[in-house]
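Colleague: Following the hints, put chain B with the ligands in place on chain A, whose structure we already have.
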Amino acid sequence: MPDTVIEVRDLVRKFGTRTVLNGISFSVNKGDTVIIMGGSGCGKSTLLRHIIGAMKPTSGSIRLFGEEITTMPQIQLEKLRLRFGMNFQFGALLQSLTVGENVALPIIENSRVDPGIVDLIVKMKLELVGLTGFEHLKPAEISGGMRKRVGLARAVAMDPELLFSDEPTSGLDPIMTAVIDQLTLDLTQKLDMTAVVVSHDMTSAFRIGTKMIVLGAGKRAGTIIAQGTPDEIRNHPDPEVQQFIKGEPDGPVPLKLSPEDYIDRLLDLPGQKEND
Amino acid sequence: MSLAANFRTFFFLNRSILYWLVLGPFRKQPLRISAVFQQMVRIGVQAFPMTALTSLSIGLTLAMQGAHELARMGATAYVPDLVAMTILRELGPLLVGVVVIGRSGSAVTAELGTMKVGEEIEALEVMSINPVRFLVVPRFLAMMVMLPVLTVFGNYIGLAGGWLICHFSLDMSTAAYIQRLMEAAQPDDLFTGIIKSIVFAWLIILISCQAGLGVSGGAEGVGQATTSSVVTSILAMLVANAVLTAIFFIT
Ligand SMILES: Nc1ncnc2c1ncn2[C@@H]1O[C@H](COP(=O)(O)OP(=O)(O)OP(=O)(O)O)[C@@H](O)[C@H]1O
Ligand SMILES: [Mg+2]
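Just so you know, the sequences run in chain order A and B.
The numbering used here numbers the first residue of the first sequence as 6 and each following residue consecutively.
The numbering used here numbers the first residue of the second sequence as 320 and each following residue consecutively.
Just chain A, same shape as in the assembly (with noise of 0.2 Å):
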């Protein structure tokens, strides 16, 4: 299969004694846009920064272009990276950087261009997310949805192959929303980009998904409960999925806990368990 470009399996992750991954497999085909959903604290993230291997799994395979990460060493995933963009959930910016100098760093770092040719790539990919003219203020002195867009502009400074997405459009208005996830649709279709977005916003996700992966809770919680096209999503006959897309807040993830259930919790009585 050569045109498989991530493929986990039975990817299981614990911290202490808390399993947040469980036994996740799935696989990204070149030009797919993957959508991961699941409630807040079910591990999407978690699973983000095991594909690009800043964790290690505790048991089971993660396959980049073919090659096996986890067990790859680390001056080879640093030759792998160069191959992928991540936009983290926060930015993560270099706060000592101008947001022109934080686009700039994964170019000057990793190519031997021109600075006045980056200087140019800059403001393309600022003027991508609607950035211009931010290149001198520093993180510090930016909103919270500008700093996650700058981050888009450095996940994609290098034109990777293949880019994650940590919930680009989560506080952002509804246009810039429309603009990330069109760019993010361009991305994909005209350069045959890979994407693996985290989203929580249905309209974003129905708008540029491929393929999506919805992650289960509470006991179901670290498994994959339901993965395919949007069609499949939007029909699937599991009601967790169904109240997940509806956005209803009572369902099969119940909203209140049981009366003695809240008891016990409150008064913190033996035999409580954690339902993280």
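Just so you know, these hints were derived from the structure itself, not from any lab.
Take these hints with a grain of salt, some might be off.
Unchecked claim - With a straight-line Cα cutoff of 27 Å, these simulated DSSO-like cross-link-like pairs (lysine-lysine) come out:
hint : chain 1 : residue 1 : chain 2 : residue 2
1    : B       : K435      : A       : K143
2    : A       : K251      : A       : K224
3    : A       : K61       : A       : K19
4    : B       : K435      : A       : K61
5    : A       : K19       : B       : K435
6    : A       : K84       : B       : K435
Modeller: Frame of chain A; chain B with the ligands shown alone:
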């Protein structure tokens, strides 16, 4: 983290600094000279006023104490000897070390720790930018150069402090003071002080960087790491000082 694990990390950090210093240029990721100079200003140049103040005050107090004690034996002529020996061999490197730990080592830990907490270090790694090469090596080189420079500078200021007392209080002529210094202090006294400061620089910057990169758990973690980096640096420096004094002057 256990003591053994800390030593292990210390060893690995040393190794990867060496790796990037020696092999980095061949991997098309050479050192950024501009970053080194930037750090030299922040770690070293900005510590000059504080170093000057500390050294001057020590030079003054040493000369005053010396003058007071030696006067009883009518040996005030030896005050310059006392000042020179104490400052060049021991107090100079040590006090400048303390100043630099307090204002630069702690700042390095806090800065790297904040970057760790803010996912900046992780972001660097994902961009294939090695954090040791990008962040630690420039600070390492800056410290290795600037602490010895600050120490030599501090030595002169300390000796000038001694001169103030000798000249204005003991009526010693400037020429006599300098001549007495030349006779009392050997070049070796200065050199051992510089060697000490090089060892201190190595300890301080490694401990500070290691503490910063090891931060976990938000702003509180940064605070704890900064405190522990200052305490560990001072302890390590005092132990190293005792060992080096034993090697240089006792054997
Ligand atoms: N370094 C860590 N140490 C211990 N537990 C962690 C760590 N990182 C994440 N977790 C746990 O893993 C779970 C999933 O976290 P994660 O950040 O992946 O959630 P998420 O799905 O991205 O949530 P959100 O939508 O709110 O961003 C959480 O319960 C969290 O407590
Ligand atoms: Mg997250």
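Colleague: Given the hinted pair B/K435 and A/K61, is their Cα-Cα distance within 27 Å?
Modeller: Holds, at about 18 Å.
Colleague: For the pair we were handed, A/K84 and B/K435, check the Cα-Cα distance against 27 Å.
Modeller: Within the cut-off at roughly 22 Å; holds.
Colleague: Given the proposed pairing of A/K251 with A/K224, does the C-alpha separation stay at or below 27 Å?
Modeller: 21 Å, holds
Colleague: Does the alpha-carbon distance linking B/K435 and A/K143 stay inside the 27 Å limit?
Modeller: Holds: B/K435 and A/K143 sit about 18 Å apart, inside 27 Å.
Colleague: Can the restraint linking A/K61 and A/K19 be considered satisfied, given a maximum Cα separation of 27 Å?
Modeller: 10 Å, holds
Colleague: Given the hinted pair A/K19 and B/K435, is their Cα-Cα distance within 27 Å?
Modeller: Distance of about 22 Å is within 27 Å: holds.
Violated hints are absent here; each numbered hint is respected by the structure.
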